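Read in order, the letters of the sequence shown correspond to residues 421 to 925 in the numbering used here.
Hint data in this document are derived by calculation from the structure and do not stem from the laboratory.
Here the structure is a predicted model, which is why all the values come from computation and not from measurement.
Watch out, some of these pointers could steer you wrong.
As the list claims (entries may be wrong) - Cut-off 25 Å, straight-line C-alpha distance, at most; resulting in silico cross-link-like pairs (BS3-like, lysine-lysine): (1) 457 <-> 855; (2) 875 <-> 445; (3) 636 <-> 761; (4) 852 <-> 455; (5) 666 <-> 740; (6) 855 <-> 740; (7) 507 <-> 784; (8) 457 <-> 666; (9) 636 <-> 713; (10) 875 <-> 666; (11) 827 <-> 784; (12) 855 <-> 455; (13) 507 <-> 526; (14) 828 <-> 783; (15) 855 <-> 828.
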Amino acid sequence: MLTTEDKEVLRKKGISEAQVEQQLKKFETGFPFLKLKNAASVENGGILRLDEDQCNQHIEQWHAYQQNAHRITKFVPASGAASRMFKNLFEFLEADYDQPQTNFEKKFFDEIHKFAFYARLNEVCLQNQGKELDTLVQEGAYKAVVANLLKAEGMNYGQLPKGLLLFHKYDKGARTPAEEHLVEAALYASANGESHVHFTVSPDHLELFRALVAEKAPVYEQEFQTKYQVEFSIQKPSTDTVAATKENEPFRVNGEILFRPGGHGALIENLNDLDSDIVFIKNIDNVVPDRLKGDTVKYKEVIAGLLVSLQEKAFAYLRKLDTGVYTHADLEEIIRFLQQKLCCRKEDIKDLEDAELVIYLRKKLNRPMRICGVVKNEGEPGGGPFLAYNADGTVSLQILESSQIDKKNPDYVKMFENGTHFNPVDLVCAIKNYKGEAFDLTQYVDHNTGFISEKSKNGKELKALELPGLWNGAMSDWNTVFVEVPLSTFNPVKTVNDLLREQHQ
């Protein structure tokens, strides 16, 4: 039962009692697994492999699109704290030994001069210990160095978001991922002399991001001859989800119901608030130095050009359907476009009368569209591209996480294990319809694709409910196309030592 105090908390968050009841019911019933047809692949269908001529054609289409009065936005989820990036170093601080023991610890100290944050860390060591970093290492004060990196009295990297950490060295100084995204926006996501960038951040770090952009944006405006329009948003409190006990009752801390952020799927609300024609989405930590940006820029322009060309075709078909003047041959052409270009199939489509067929085609064409770059699977974790059945019986392309797959179904497990590609979060999205009106993106979410995870709070186990992921169930009812992009475009930073990879040097 919800108390008066509970209801007041819900009111402040903008969450209804019905939402809480539905979420608690999900803890009881769980989420259904998706019905799969096959893993998408280049050979079996679902993933495009473009040749050089096709790439060049799409790049030209994108450049032409940029010349017209369109608004293009780079959308960067950047709210996560970097604490997991430093998990190994936190463990070192807590360890009962003082010298580096593990391979990870040894590598960190052996190559510490290679980090972009080295110069700043050296300054902090001088301020706090009165000694340079190298001197502290020679004296065996390894933990003092790590403390200066992670703790609040030092650089506080253990609590800052990834977007604000120094990732890459340049002659003119080091750059953060937030800055690298500003640079990328100027290189492939600008139009009419403007580069629009939208960061989703946590409330705790909003002012730090604002300060960084205020300081750095003018530098890159001059360098890349663009004008930045940078916006920030935070995950809405109304998208938080209730935590539950093992008995599926609301989990309480000091009598108050505990709510948790609903995962990156909550950001569909932030995306929905954008006034933009085309939106690029890429994770905050997937950036490289300028010397390696060539492939990133090329393939972003390739998939963006493909998107606007497919969108143009879909818009033309929708306008034709609006006129009411079309032949059965026209309808068959639209069916081929839907099946061959957008990989959306309906097995009993031949049974539909023309009037029913027009309704079906209009519904499938008039929805948001996205092109997803996918890379060859080389063992990195990540969702995979699949052909999956939808609630209406159609089959379309989806990005699935392993949690959405029934592990008791050997055929599905085999599909997942034999998947040739995975999703590195490399999306270009079209979020307005053929009349220039914004889609309501919340209407295209499959709410049955969330999942339940086990967490703890104050030493007590709890169940957490994750909303359908932003590029998984939150975009389930979009038109989706997968394009193979090179692995060189995927360089995430999961641990601090990943910054020592050649791609980040």
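Sort out whether residue 740 lies within 25 Å of residue 855, counting only the CA atoms. Given that 25 Å is the threshold and the Cα spacing comes to 13 Å, the pair holds.
Restraint check for residue 827 with residue 784, where alpha carbons must lie at most 25 Å apart: violated, 31 Å
Distance restraint between residue 855 and residue 828, which requires alpha-carbon spacing of 25 Å or less: violated, 45 Å
Does residue 666 lie within 25 Å of residue 875 when you go C-alpha to C-alpha? Since the Cα atoms of residue 875 and residue 666 sit roughly 11 Å apart, the hinted pair holds (cutoff 25 Å).
Between the alpha carbons of residue 828 and residue 783, is the straight-line distance 25 Å or under? violated, 34 Å
Are the Cα atoms of residue 457 and residue 855 separated by 25 Å or less? Between residue 457 and residue 855 the Cα gap is close to 34 Å, so the pair fails against 25 Å, i.e. violated.
Can the restraint linking residue 507 and residue 526 be considered satisfied, given a maximum Cα separation of 25 Å? At roughly 15 Å apart (the allowed maximum being 25 Å), residue 526 and residue 507 satisfy the hint.
Compare the distance between the alpha carbons of residue 852 and residue 455 with 25 Å, and conclude whether the hinted pair is satisfied. violated, 29 Å
Within 25 Å, alpha carbon to alpha carbon, are residue 855 and residue 455? violated, 34 Å
Can the restraint linking residue 507 and residue 784 be considered satisfied, given a maximum Cα separation of 25 Å? Judged against 25 Å, a Cα distance of about 45 Å means the pair is violated.
Within a Cα-Cα threshold of 25 Å, do residue 875 and residue 445 meet the stated pairing? Holds, because 18 Å separates the two Cα atoms, which is no more than 25 Å.
Does residue 666 pair with residue 740 here, judged by a C-alpha cut-off of 25 Å? violated, 55 Å
In summary, the numbered hints that this structure violates are 1, 3, 4, 5, 7, 8, 11, 12, 14 and 15.
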